[in-house]
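S.K.: Produce the entire structure from the sequences given, and follow the hints as far as they go.
Take a look at the letters that make up each chain.
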Amino acid sequence: METPEQNVAADPQLTETANPPLPKTAAEPQAQPEQYAASGESVFDVENVSIYYSAFRAVTDVSLTVHENEITAFIGPSGCGKTTVLRTLNRMNDLVAGARVEGDVRYRGASLYGKDVSPIAVRRRIGMVFQKPNPFPKSIYDNVAYGPRINGEHNKGKLNEIVERSLHQAALWDEVKDRLGKSGLSLSGGQAQRLCIARTLAVEPDVVLMDEPCSALDPIATGAIEDLMKEIKSRYTIVIVTHNMQQATRVSDRTAFFSVLRNEKSDTRTGVLVEYGPTEKIFHDPSDPRTEAYVTGQMG
Amino acid sequence: MAAITEPQLGPNLEEPAGWRRTKNRMATVLMVVSFVLVIIPLVFVLYTVVVKGIKIISWSFLTSGPIPPNVAPADVGGIGPAVLGTIEIVALATAMAVPLGVLGAIYLNEYGGKGVLARLIGFFSDVMTGVPSIVMGLFIFSIWVLHFQFSGFAGALALGCLMLPVVIRSTDEMLKLVPNPLREGSYALGASKARVTVTVVLPAAIGGIVSGALLAIARAAGETAPLLFTILTVTTANPNPFSGPNTSLPSQIFANATSPYVGAQDRAWGTALTLIVIAFVLMIAARIITARFSRFSR
Amino acid sequence: MSTLTQQAGPATAGPAHPLRQRRPLGDRTFQIVALACGLLVLVILVLIAFSTTQQASSWFKTEGWAIFTNDWNPAANKFGALAFIYGTAITAAIAVIMAVPVSVGIALLLTEVVPYRWARPIVYVIDLLAVVPSVVWGLWGILVFAPWIANIYKSIASGVAGIPVLDNLFGAPTSGASFFTAGIILAFMITPIVTSLSREVIATVPAIDKEGAYALGATRLEMITGAVWPHSKGGITGAVLLGLGRAMGETIAAALVIGSSATITSHLFAPGDSMPAVIANQFGEASGVFRAALIGLGVLLFAFTIIINIIARLIVGRSAEQGTA
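Chains as they are written, first to last, in our numbering: chain D, 1 to 300; chain Y, 1001 to 1298; chain X, 2001 to 2325.
Derived by calculation from the structure, the hints in this document are not laboratory data.
The calculated lysine-lysine pairs, modelled on BS3-like cross-linking and capped at a C-alpha distance of 27 Å, are:
{"hint": "1", "chain 1": "Y", "residue 1": "Lys1176", "chain 2": "D", "residue 2": "Lys132"}
{"hint": "2", "chain 1": "Y", "residue 1": "Lys1176", "chain 2": "D", "residue 2": "Lys182"}
{"hint": "3", "chain 1": "D", "residue 1": "Lys158", "chain 2": "D", "residue 2": "Lys233"}
{"hint": "4", "chain 1": "D", "residue 1": "Lys132", "chain 2": "D", "residue 2": "Lys182"}
Beta-carbon label-pair distances, calculated as ranges:
{"hint": "5", "chain 1": "Y", "residue 1": "Ala1091", "chain 2": "D", "residue 2": "Ala55", "range": "49 to 59 Å"}
{"hint": "6", "chain 1": "Y", "residue 1": "His1147", "chain 2": "D", "residue 2": "Gly181", "range": "50 to 60 Å"}
{"hint": "7", "chain 1": "D", "residue 1": "Ser54", "chain 2": "Y", "residue 2": "Ile1284", "range": "47 to 57 Å"}
Backbone N, C-alpha and C define an ideal beta-carbon position, used for all residues, glycine too.
M.R.: This is the structure in structure tokens:
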């Protein structure tokens, strides 16, 4: 498997923006010390994936594996494609005209972009929480019940049960249990985001993708969501995009560091995966100097 | 939009030379005058209609029929048939135009995007709002009445054709206002596009859609020309809009307007007052709905 | 979307739910229905053109180019329609000449002069104006307005008697029903649409241009002529064209106050007739070629207004884009 650096060298149009690379290392360490071993089977296998918007290559040659019941963080400067990669995992990029994925994205062994695969079925298994909370202009109850309803669940009793369970899991139940009929828009930022999380958990997905879920929230709300993530990770697999490195160290088991390559000729930027590994290693003993520059704050 | 006020001048600075200032003042006066120029006829019309019409309005006027001949004095008979006709015909027209118009707007906004077909349809919807109402009447005459005779339904077809582009345009504007994150939230839960549209987008836009529809109904209720060639104004009530000629409030006003008989003229004023009240009520309802349901986000 | 072919074997492992699924049937149906409704607009427009032209064909065939002569006599089977085309043009022109300055003035008032709080009531008044039905304008026009303005016509006519051009324009008044009265009523009716479109156009003028003018010490009038006008003149032209189209097609108000006399005359205070008015007034008794002629007038009206509307929308569309550049 080629490493990002080899790929860069092969492509004359892409240049480095930081220091020239040291002798290359593989994206994942060959022999892992005990404490870095993966905890479960792989949920996502991403191999040599490049993502295009029409002719523009937004992300180049990403390869990584997401493991079950872990929190995997994508970090990196803005414009490095981490959100693009995240949205590829639940086929939300399908909604963008001209978006194209090359390479292999496997979900539990099955190709996510295969011929017969329905994006709708994909998204019922792989949920997403967005950067800015986006509750529907419906009641809190109807927000959470929305997913189960479109999946065919109409039994009042079961729905009540699902709503209560999901709101519990999202640590929101106590605050809203007396006003389930109120509009979802009446909640504060942190509550609204937890509502969106409850809404996502209500369909009992396998994976929860989170795109900078705390960036629109104050520190206290952020703390609540981080606690929530650690609580539910035993039942779900979580991939989170964050620009907050401390958050990555606080919650994630594994971290992928993305960076930007500038194409001098067309003055465009392409995202590239620089290093991926256990969070401890990425932040305290990174293999790539670019990673080190980023996590020590030398690079914005 | 806030008006940008003129800059304040300090005591040591000279004001713009007299002629410039005068021209500016004149311009402002002219603008105010133009507004006054439209208030005057509006007030005049409304005043006349109310004063002349209120004399004759009564429950029996509004409900009893048949409509008496022109020579009859004002207190004989009533315009019940016309009220019934307007309700039937406008209701039918609405039932046809609003669902079709909303679906058309859904196509434009959710499916068509920037494609050529969508832009064509959008462009010609705008153009179609400018088609004279009399042409719609002649159209339905040519294509329907000649085969199926005069009927309230034919009138409804003509009014529906008038309403359709208006509903499409106003609904399209409302759908555009629904923020995209709402759609994304629904997609992310595994909803198909149809489901996203019906369960999230439409409910979010429903206030604006309804108020746009109410305004289209107000316009349709006042139209006379398309009905001339489709319902063949009669004076008896016809509860069956699908067969037989019919009448309507505007049709009756038109029939009575050129009559020299006082009775007929009074009936015309009374009918005009009724029509205006209906149009105003619809307009106010539209405003209230817009104000109450226009929040999407905090 | 993926360039990779699928590996053999279904998705194993993990909680049930295969990823494969046909696109839900309801989803596709919904899209087709929505598309069909959108296409309805185009279909209706085409049908209008075809069906009315076909109904009018006997008129076109019998008269040929004579439809453009001023010779309308149904009893003698003569259907030259120039008088009505003239009447439509004249009344629409009067309406536009009177309505446009007023409408643009109100639009400027709303966007440049009036503080936000007062803008709403003014807009309500304009909306009220728009919601008065055509037939009510006509009723008021013929029973109240025409008799009143007949006196004014008489005074003006006697005043200009003998003065060369004015005498031809403003002489020979009869009752109040005339080209000019119809023009005034039409002006009232098209003001709302021209005003609201002008407002939209003026609103796209970038604020920095306006502020730049003020910063140079311009008065409001100078700012309007210097910053607003260059940006909006295209769009306002479009708005004017739309008003023109509306005025040409307005039927009932014109039918009631225009005087119903198929004559071509320069006297604006004299009675005349217009295309939609004559169709409305005479359709009831018409049959055969007569009816074909009336429908044919409708075809002409349709053609004129469609062309005007297309040009207007193209102009408004383009200048709206440029305004926001």
